[in-house]
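*Asks:* Going down the list, the protein sequences come from chains R and Z. At position 85 of the first sequence the residue is numbered 77 (the numbering used here), and the sequence of numbers has no breaks. At position 185 of the second sequence the residue is numbered 177 (the numbering used here), and the sequence of numbers has no breaks.
Some hints here could point you the wrong way.
It does not matter which identical chain is used: a pair holds within one copy or between any two.
Derived SDA-like pairs: lysine to any residue, alpha-carbon spacing no greater than 25 Å straight-line [claimed, not checked]:
no. : residue 1 : residue 2
1   : K239      : L253
2   : K120      : S359
3   : K122      : K179
4   : K92       : S359
5   : K239      : E137
6   : K235      : F170
7   : K147      : A164
8   : K250      : Q39
9   : K147      : D172
10  : K239      : T101
11  : K239      : G169
12  : K141      : D292
13  : K120      : K179
14  : K147      : T165
15  : K235      : R349
16  : K179      : K235
17  : K239      : R156
18  : K250      : Y86
19  : K147      : V162
20  : K141      : S167
21  : K147      : C318
22  : K179      : R156
23  : K147      : V19
24  : K179      : G31
25  : K141      : A164
Think of the hints as simulated: they come from the structure by calculation, not from any bench. Values in this document were obtained by computation on a predicted structure and should not be read as measured data.
There are 2 protein chains.
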Amino acid sequence: MEGPGNPGRFVTTEAGPSDDKAGNSCVDFPVAVVLPAGGTGERTGLQTPKQFCTFLNRPLISYTIQAFERVPWIETIVVVISEESTDLMTDIIYRFQHRKVRVVQGGSTRHRSICNGVQALNQGPVRKPKVVIIHDGVRPFVEEELLYKITMAAKEQGAAGAIRPLVSTVIATTSEGFLDHSLDRAKYRASEMPQGFLYDVIYQAYQRCSESDFEFGTECLHLALQYCGTNAKLIEGPPTLWKVTYKRDLAAAESIIKETLSRSVCIIAGGSAQATALADALQQAMASLDMVQELDIIPDLMGDNARCLSRDWNFVQVSVSSPRPCEVEAIIRALEAAERTVLHPAVLVWEAASWERSVGRLTEIISALIRDRSTALVGQLLQA
Amino acid sequence: MEGPGNPGRFVTTEAGPSDDKAGNSCVDFPVAVVLPAGGTGERTGLQTPKQFCTFLNRPLISYTIQAFERVPWIETIVVVISEESTDLMTDIIYRFQHRKVRVVQGGSTRHRSICNGVQALNQGPVRKPKVVIIHDGVRPFVEEELLYKITMAAKEQGAAGAIRPLVSTVIATTSEGFLDHSLDRAKYRASEMPQGFLYDVIYQAYQRCSESDFEFGTECLHLALQYCGTNAKLIEGPPTLWKVTYKRDLAAAESIIKETLSRSVCIIAGGSAQATALADALQQAMASLDMVQELDIIPDLMGDNARCLSRDWNFVQVSVSSPRPCEVEAIIRALEAAERTVLHPAVLVWEAASWERSVGRLTEIISALIRDRSTALVGQLLQA
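Please put together the full structure from these sequences, using the hints given.
*Replies:* Rendered as structure tokens:
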């Protein structure tokens, strides 16, 4: 029950049809990604840097890597990390079966780290990319469609970056801490990630930039403009691009991840007529909730029904007499073997001798378990 | 189990010692608040405007109002809402016993709404305030200490506003959608709420400003500067000041609210020696978790033990034989009467004939219930 979720699963729900939207056949040049993930996460106030914080047994950085791995035309993902995190990162790559990742050691500032990542793409076994995408280890929700737009604009214009409208007004301050003036929100944008560059543009920008840029700079688009004369094309991205910065952002990220998971329910009713009647009543009660997508009833997971294990559903066993512990364990073991329990943990067992009274309550509990993804309750026997 | 939480409860945990920090004795002039809450919340993508979204059975706007009501030197809170929401707001004021609120109807833009709120403070029964604080219905986490600083700076300087560092680089765009230049993050700040004004300054600013300001403007500090020549004092606020804007922010707000709730546990063990031994084992197991603050064991909620009901604790009953349903109901009814179940819903009943094997599991479940505040499981019988 503690194992990692199937890395392929989350992808499918979110990516959408890559051929239609992103037209991957058009990307006929090599594209690589540099993913700085060396931050200490001091703004979250937590001990663990935020890229290594875990949601549903999977660290944030792995979700971000996955978002790029699912894009067929991205060849290489260079993850730039601090020396201390090397072992941890190696373990994550192994556990979540990341296939396109190369790990590169970071520098003392953000720009030094990105520069190391860019240079690594000019050495060693991989072929030098035409376009390099620079992103952030702590922005896990990037879609193929936007990556495609950024990549194509970078190829044509030399540089491209995602932007978002400003949420707050931006103001200039005097040195004494008073308002100097406020900016017209319509003329300014927040610069977000991903950004894309012709490899030669970003490589040259880092060759030419100053120590002060390396030390205090934050904006890659600015370096491309200042040192290569390249005005980046700006592309409006969706709100989910935001960067996990504060502790509250971890809760926000977790809720987005949970929402991408299946809300369909498979009720295992056993052979008894009474339990099947309970399952039918549940099906009716849950149909009236927006929350549940689909609901199916099966007697068990044997024979032909075992194929249900390949569906991304939440499994609930109901029983009208005390279920034998070995039956419950058998179901959980089957789900574990199919790597279902971690992402879809609403496996509970409901013993309901007088079930007519408790359909409403069981409906409420199943909905709450699917919403909260409370792994602690997997396999728990609840009694009406 | 569906009733609202005690409005006083959340306050106490969060406010801190008001005398020491904020020195309320120093605020010897009338202060009022204008709280625009007429937004449609279209950026969340939800049907309910975000100020009316509910966390733990209480709408967001009520948390925000509460944050001001707990401050003794704030006399009046003018909540500005759209006509459609009048009944809903009246109901919220009644249910959560808000005592300082006046409801005023909003205008067609943010500035028109705030202006209505400011003007309402110059009419009717309340005395005209010296300083008016302008905040946002969807920023529920404002502390007395910051309100005090803003108020005093507004009294001395005429205007004051909370600021935060920029999270993203801000860039200027060309009309063709290319990067023009990026701003030096060190010189700019995000303008946040609350803001404070001498009443006469903000009143005059709204008298003098143009239709275009009313229509397109967003920044009150800007109006005070342009129309009254008042340069606002800027005061750095904490990260929790952020504005609930997108759907993900709702999850973030909920997690912050949950964190302010008590994590102490009161185990009701009944009279039996076996159940008391289980409770002792649980106490040991939970002591090793950071999660739980304190843990106490009592036999029941009768007599002297009934005083436990006045503590903000999470109650768990354990039993080593099938508990009688009437006992469980009696406990839940006692907690409901003391308005405990909504905010501290980890009331579950654990029947554990062979409990030695299940201490670890019970510890895990109790921790998860306290963390998730899953109201659906209140009073649920779980079986080892």
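*Asks:* Which constraints among the numbered hints does this structure fail? Numbers only, ascending.
*Replies:* 2, 3, 4, 11, 12, 13, 15 and 21
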